[in-house]
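Asker: Protein chains in written order, with the working numbering: chain X, 4 to 381; chain S, 4 to 381.
Be a bit skeptical, because a hint or two may be false.
Note that the list lumps identical chains together, so a pair holds whenever it fits in one copy or between two copies.
[To be verified] Simulated crosslink set (DSSO-like; lysine-lysine; CA at most 27 Å straight-line): (1) Lys209 with Lys336; (2) Lys314 with Lys22; (3) Lys336 with Lys298.
In case anyone wonders, no lab produced these hints; they're calculated from the structure.
There are 2 protein chains.
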Amino acid sequence: MKFTIQKDRLVESVQDVLKAVSSRTTIPILTGIKIVASDDGVSFTGSDSDISIESFIPKEEGDKEIVTIEQPGSIVLQARFFSEIVKKLPMATVEIEVQNQYLTIIRSGKAEFNLNGLDADEYPHLPQIEEHHAIQIPTDLLKNLIRQTVFAVSTSETRPILTGVNWKVEKSELLCTATDSHRLALRKAKLDIPEDRSYNVVIPGKSLTELSKILDDNQELVDIVITETQVLFKAKNVLFFSRLLDGNYPDTTSLIPQDSKTEIIVNTKEFLQAIDRASLLAREGRNNVVKLSAKPAESIEISSNSPEIGKVVEAILADQIEGEELNISFSPKYMLDALKVLEGAEIRVSFTGAMRPFLIRTPNDETIVQLILPVRTY
Amino acid sequence: MKFTIQKDRLVESVQDVLKAVSSRTTIPILTGIKIVASDDGVSFTGSDSDISIESFIPKEEGDKEIVTIEQPGSIVLQARFFSEIVKKLPMATVEIEVQNQYLTIIRSGKAEFNLNGLDADEYPHLPQIEEHHAIQIPTDLLKNLIRQTVFAVSTSETRPILTGVNWKVEKSELLCTATDSHRLALRKAKLDIPEDRSYNVVIPGKSLTELSKILDDNQELVDIVITETQVLFKAKNVLFFSRLLDGNYPDTTSLIPQDSKTEIIVNTKEFLQAIDRASLLAREGRNNVVKLSAKPAESIEISSNSPEIGKVVEAILADQIEGEELNISFSPKYMLDALKVLEGAEIRVSFTGAMRPFLIRTPNDETIVQLILPVRTY
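Next up, chain X with everything else stripped away, as it sits in the complex (with noise of 0.2 Å):
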């Protein structure tokens, strides 16, 4: 193997893979990043066995010649030290090229690095993943889709279930819930499908996590292939492989309450400031909660009550308080991780009493949901 290669999209597309390569692992071919160059390009994979991924970089994108192949081959090399010598290579093309016993010579200016490789055939195969339909959805809303639900996924392995997003399509729509059983998150999308598709699926959040790192803020379609296993996302050059979690995702639906007893509307900004500056006293407090006390026609007031340290109390003008009064209290942190997901001036606020879950909503937008466990402080 032996190519030469722009320094900069190699350092892109060696970061991006290097997202799926974990130092802990029991494979130990997988801490390397393996590289094929083939006639058309060269490919990069890394693999945690969860989560796998494969950034390729052509010869040629428009006029411009990227890579230039001399000889096809390929090679595994050590993630962690490849990734940081090309970030350090001094010119702005680099040499790769492989000799024997699978001993690598990157050259790049003055500079020549020899790294002991490993050979590419002990690497495991990707999955391989039959694609008579795909799901399509542009990058931006991709993204949007993910940081919207996946901050509420559980992070205990107690039900490993909750540590993933539930990804649902039914009726050209797909629903994706997250939920630790204290908070849920709910996002839905259209989708251009038949109505009569559907799929149940349940995808890790770590992998949504790193997905989201590296995919670009554009509208480029992004195809989505649903197995039984596993699901592809694939992007501009990048595979992106996850396999999904076992079992059965609970049914959330009777969770969420259909009619409310106290609704407000506040501005989305003062609303999370005032939390943000409660939550301040609340980290100290046993319950580390914070109170909301909502009279009708009056106003909202905030607050928290750390003994030792002190109490903070907050009047907030609100847009709209209709219903009942309500003295309710709740995590600052599970309210802070909805506002901060919700987009538009003004958020409403649904409650049904101080001990049934509420909801958080930006008004006339029926897409997004975002849902709170109270806490019982006495």
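Please arrange chain S on chain X, whose structure you already have, making use of the hints.
Answerer: Just chain S now, kept in the frame of chain X:
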């Protein structure tokens, strides 16, 4: 105590004095910040008994009113909470009022915090320093003196005196020396004081690092008052006290070779980047070294070898190579540290053999010297 103050100035002062506050202290009141409101303005003090910082906010600056004192007084507030609270307050002004039992109200807009304070009379007094004689150094020079030496102090407590920087004043010249016994940094500066004034003290490296962080980059003079046990730096509205280290600093003058057998002059940036690249593999090697080979009238070669991973070799065009042929090994970290604080496009390295300390300097600048001990590799 009751006053109203500009939030941005309050935040700035609190952040400055916070640098002296440690959460790991045996004196509970030192986890707090002392606030004293007088007729002239408000002062804030933080201390960990080694370092004490006082920041003063005057009532007025130019024509602008910064503080309105309604009632003088004092209080100590928990540093961690107070500093986070003031950063997150909603409005441009803040009202701070002490009520009964040291209960302190912090108001800004509609947000109201009640913090349990402590009696300011319980707060330890700052060192009393008689300032007959002060040394004056422009702030930007002082920051350079610190930056170019403090990185070389020892981080090990086996010889506590080496965790500080030796400041020696003699014949109107300040000589700052730091060493961890593997490398040494030395910086001189002319002072505008009488020739017969002399000092020889050791300032803890940590104190100098924190001092440097709170000084702005400008040319205003900092007054430095040195006593037997303390040093005080007086900048505009800030007093920075540090205890001095006990003991005699070793005499390092004999360490510095007066002659040289091999001299090279190279481009600083090219040299630094080559060392940086070689260090990628050096980190894995048993000795953690890079090797430099210089052949007069030819070129310089930087290399490193880590048998399991691979090796790297790079030639550098030298502007000058004079004297004997040389092969020498050293820690790339020490070399990078030294190169980063040297100014100028070129550097001169003077060797006196593979086993002797060598010097790194900027050509024609005798005010700064970096010395590194080589590593024996056989």
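Asker: Check lysine 336 against lysine 298 for me: Cα-Cα at most 27 Å, and say if that holds within a copy, between copies, both or neither.
Answerer: Within one copy only: 24 Å inside a chain, 63 Å across chains, cut-off 27 Å.
Asker: Check lysine 314 against lysine 22 for me: Cα-Cα at most 27 Å, and say if that holds within a copy, between copies, both or neither.
Answerer: Classified as between; 25 Å across copies, 43 Å inside a copy.
Asker: Using 27 Å as the alpha carbon limit, work out where lysine 209 and lysine 336 are close: within a copy, between copies, both or neither.
Answerer: within (20 Å within a copy, 35 Å between copies)
Violated hints: none; the structure is consistent with every hint.
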